[in-house]
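S.K.: Listed here are the chains, written in short residue letters.
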Amino acid sequence: MWTDLTLRRTQGGEFLPSKYMDINLDHIAKLAKLRLTDSEKETLGRQLPSIVDYIAKLQEVDTSGIDPKAYLTDATNVFRSDVPSTAQAERDAAVAAFPKSAGDALEVPGIFN
Amino acid sequence: MSELLTVKAIRDAVAEGTVTAEEIVKNSLARIDAEDAEIGAFLEVFHTRALEKAREIDAMKVRGDVLPRLAGVPVAIKDNMLLMGEKASAGSKILQDYTSAYSATVVARLEEAGAIIVGRTNMDEFAMGSSTETSAFQKTRNPWDTSRVPGGSSGGSCAAVAAGFVAAALGSDTGGSIRQPAALCGIVGLKPTYGRVSRYGIVALASSLDQVGPFAHTVEDAMLVMEVIEGRDEHDATSVELDSKPVAELLEPSMKGLRVGVPKEYFIDGMDPEVRARVEEAIEVFRANGAEIIDISLPLSPYALPTYYIIQPAEASSNLARFDGMRYGTRAPGALEDSYLTARSEGFGLEVKRRIMLGSFILSAGYYDAFYKKSLAVRNALRKEFDEAFKQVDVIISPTTPGTAWKLGEKFDDPIAMYLADVFTTPANIAGLPGISIPCGFANDLPVGLQLQAKPFDEMTMYKAAAAYQTLTDWHTKVPQA
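Going line by line, the protein sequences match chains A and B. Residue numbering for the first sequence follows our numbering, starting at -12 and increasing by one per position. Residue numbering for the second sequence follows our numbering, starting at 11 and increasing by one per position.
With the rest of the complex left out, here is chain A (with noise of 0.2 Å):
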């Protein structure tokens, strides 16, 4: 676990922390709903391990005290009235741009068997 990063880098050797971390190709493309052919998993395999080593340089920084924050506006909840509208988008329009539609209904496959 990345934690135990500072130990490990203590005993010598180049700081490479994608070594220590737990990169199961199979698990991560289960999470991320793909699919990955042989090529693939070879690419990234060799690819996924350096990428992490060059963004793991974000552990020099000390940021003791200061806020992680995900958007940097003033911005804080933006609220609007809770009245009907009309969306911008046809109605016709937007059962057209569905993959599959029935009639006037828009169509998915069903979830149980």
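Some hints here could point you the wrong way.
[As the list claims (entries may be wrong)] Below, a list of computed lysine-lysine pairs in the DSBU-like style, where the Cα atoms sit at most 35 Å apart:
#1 K383(B) to K6(A)
#2 K6(A) to K421(B)
#3 K56(A) to K255(B)
Read the hints as simulated data drawn from the structure, not as lab findings.
Position chain B against the provided structure of chain A, taking the given hints into account.
M.R.: Just chain B now, kept in the frame of chain A:
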């Protein structure tokens, strides 16, 4: 710039009646039809629609109506922007059959202002890339040297302006995707302050970073487009009500008394010495014309790129979860889970898969705090560092990119080398600042870009300084030989 048709020149000529919108648009379409086979800027040209819209403008003129601000000006939009009734594929196979059911706010505002949308332009798939090579459909070539990339991800929009097909175009900039190609193609590219321009109807890459902005030949032209697209939109809660909008006609270009910060971290070992020389010459133009040049240090700026490659894939992997063949594009056969997997695995290209995998890893249990949460803290620290710097200076000047346009294929198999092309542009996205790239000369016959960054929502200071540079130099009037 007689050869260069600017937004302003076209707008004024159409308003005065010395040329019709139809003539202008026909000329633009003829150039594209004749020359775009070599450049590959456009994925689709809206011939019929564009001519109809142009004739509407001409009819208004005949009736004696007051023409809107951009009447008759041909513009191009990036393929991740919706135009009702037209396709928008974000450069991806998964959306190749998607037709927009409504228009993006920026696109609707352009059309309301009388601009003629002549087509949608090539881009890196879902804007993931720095060379436009990850497009599922075609390569785009740099008009200055067609063996080289135009930069990316908005490479098609950028090449369309650089080649003279259109006077202006819209791009989107998440980590440099407007400014970086603008630098590589020798034109103006503007990334507005986060919140200045609505993102409604834009296919999202990373929602906390994305901003739409213009490509043009002059700062004034970029402003003319910004006047139309910027401002609060009720459909994008992060868009901001602006107290005032800079008006191109009222701009007074000036460098006098301007405090220009030059951060040493943006002049790195390994950058092209010719690029460095052009930027240093540009800084001398500022000094010679009354600006005060102040050496500053932004020690966190080098961390902007690794921060970006955490936040952006994390947000992208979440945003792209919606592309599963259920709501958009092509439905894959099979039971639900199988259908998802097939649609995504066959619909996305390798760069998109790489970033979705990276984002999913970063956000997974055990790594979320170490990567994602840490990146948000560095992001805030980076912004604070800029806030401090802007107490001392009005604008920050640097190269836009460390080098010039590279050969097609050169960095394609080395993601980190490709990502480094954006090392100087990502800080503005991470910190939410406005940034502009303007042409400042050539290195080995290839264009070099000068980047100006300013305080959030202080576009005006940036425009004044950049426009002043363009009144003193003529780099922006140089066009590639056809």
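S.K.: Please name the hints from earlier in the document that this structure breaks, with their numbers sorted from lowest to highest.
M.R.: Hint check: nothing fails, all pass.
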